Amino acid sequence: MVDNYPIKPESYQAKLSFVTLIKKYQERQSTVIMQVRDVASQISAATPGKFLLLQFSMSQVTQIGDSISNLISQVNNMIKTAISNQNR
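Taking the working numbering, the leading residue of the sequence shown gets 1, the next gets one more, and so forth.
Treat the hints as calculated values from the structure; they're not laboratory data.
Keep in mind that the hints are not guaranteed to be accurate.
To be verified - Label pairs and their in silico Cβ distance ranges: (1) SER30 x SER84: 38 to 44 Å; (2) LEU52 x GLN74: 18 to 24 Å; (3) SER41 x GLY65: 31 to 37 Å; (4) ARG88 x SER30: 28 to 34 Å; (5) LEU21 x ALA82: 20 to 26 Å; (6) ILE79 x LYS24: 19 to 25 Å; (7) GLN60 x ILE83: 33 to 39 Å; (8) VAL39 x ASN77: 24 to 30 Å.
Since we're looking at a predicted model, the values are computed, not measured.
Idealized CB from N, CA, C, for every residue including glycine.
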């Protein structure tokens with residue numbers, strides 16, 4: 001049945017590198033930390049807009065961290081299921 005499709009299933013495979021994902025997350029987290037330090041060092045010059053952007057950036061970092069955690073948990077569960085299926 002696969003022969004009826006011009007694109008083979010192998011082309012849908014994607015590789016995900018947790019190392020790359022976590023490094024990019026750490027870079028984003030470091031950027032937000034620098035932004036917090038910058039605003040804190042010039043608190044008298046801080047505007048409501050800067051605080052709003054900072055809050056948004058912090059929220060993004062939290063969401064990305066939660067997503068990575070959920071992804072790792074799902075992969076872990078898939079591995080556990082595969083192992084338990086092999087033992088049957």
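Consistency of the hints with the structure:
1. SER30 x SER84: 38 to 44 Å: At 39 Å between Cβs, range holds.
2. LEU52 x GLN74: 18 to 24 Å: Violated: the Cβ-Cβ distance is about 33 Å, outside 18 to 24 Å.
3. SER41 x GLY65: 31 to 37 Å: violated (25 Å)
4. ARG88 x SER30: 28 to 34 Å: With a Cβ separation near 46 Å, ARG88 and SER30 fall outside 28 to 34 Å, so the hint is violated.
5. LEU21 x ALA82: 20 to 26 Å: holds (21 Å)
6. ILE79 x LYS24: 19 to 25 Å: holds (23 Å)
7. GLN60 x ILE83: 33 to 39 Å: holds (35 Å)
8. VAL39 x ASN77: 24 to 30 Å: Cβ of VAL39 to Cβ of ASN77: about 40 Å, so the range 24 to 30 Å is violated.
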